[in-house]
Amino acid sequence: SQTIHQWPATLVQPVGSPLSLECTVEGTSNPNLYWYRQAAGRGLQLLFYSVGIGQISSEVPQNLSASRPQDRQFILSSKKLLLSDSGFYLCAWSIQGFGPQHFGDGTRLSIL
Amino acid sequence: AQSVTQLGSHVSVSEGALVLLRCNYSSSVPPYLFWYVQYPNQGLQLLLKYTTGATLVKGINGFEAEFKKSETSFHLTKPSAHMSDAAEYFCAVSDHEGGGADGLTFGKGTHLIIQP
Chain U
2 SQTIHQWPAT LVQPVGSPLS LECTVEGTSN PNLYWYRQAA GRGLQLLFYS VGIGQISSEV
62 PQNLSASRPQ DRQFILSSKK LLLSDSGFYL CAWSIQGFGP QHFGDGTRLS IL
Chain W
100 AQSVTQLGSH VSVSEGALVL LRCNYSSSVP PYLFWYVQYP NQGLQLLLKY TTGATLVKGI
160 NGFEAEFKKS ETSFHLTKPS AHMSDAAEYF CAVSDHEGGG ADGLTFGKGT HLIIQP
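As they're listed, the protein sequences go chains U and W. Residue numbering for the first sequence follows our numbering, beginning at 2 and increasing consecutively. Residue numbering for the second sequence follows our numbering, beginning at 100 and increasing consecutively.
Chain U on its own, in the form it takes in the complex:
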């Protein structure tokens, strides 16, 4: 069966520090991968999606970037965190072309 792993579960970082959140999927090949951010009272916002290795699409301009160095690995990064980057970050995957999206357990990011 397929599983998705996100880490770390929680992270506290100072303003201006770098960020790297990792997401990996097991049990499937060539999935679509997604990064969402969930801010309190604002629902989920799609940040990035990827349909293949090295292929990244950004939905909103921001202080973050994403990379997909391997088929089932998706990384969310920042060179310098802002206070506004605080939130709950969720990674998800879907079988390309069909099937619902499946979510990881998320990373709670707090910026001090």
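Bear in mind the hints are in silico, worked out from the structure with no lab data behind them. One or more hints might be untrue.
Unchecked claim - With a straight-line Cα cutoff of 20 Å, these simulated EDC-like cross-link-like pairs (lysine to aspartate or glutamate) come out:
hint	chain 1	residue 1	chain 2	residue 2
1	W	Lys167	W	Asp184
2	W	Lys207	U	Glu60
3	W	Lys207	U	Asp72
4	U	Lys80	U	Glu60
5	W	Lys207	U	Glu27
Given the coordinates of chain U, assemble chain W onto it according to the supplied hints.
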């Protein structure tokens, strides 16, 4: 562009009572519709989905939803609420099953409170 409106950021029901969470969508093509549940500090878990075929869809934990094209609605119901149903519920829409390449459009969520 697609959009999802969930009426009521908070819904409170008594244990054993009917649960009704409302979702209306807009989509330029026949939509695929989803309901997800989120427990505190966890990811989203798929409750049910509508793609094609039968408009009444049954999901996990006793939930079901009915796709009504004429009303552009996909309301979530459960006949009898249980304390364990307390969570955040999200309705989502896509013009491709699974979101295709560009993700799902989510509503802002409804926090379901169960009163003992």
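| request: If any of the earlier hints don't hold here, list their numbers in rising order. | output: Hint check: 1, 3, 5 fail, others pass.
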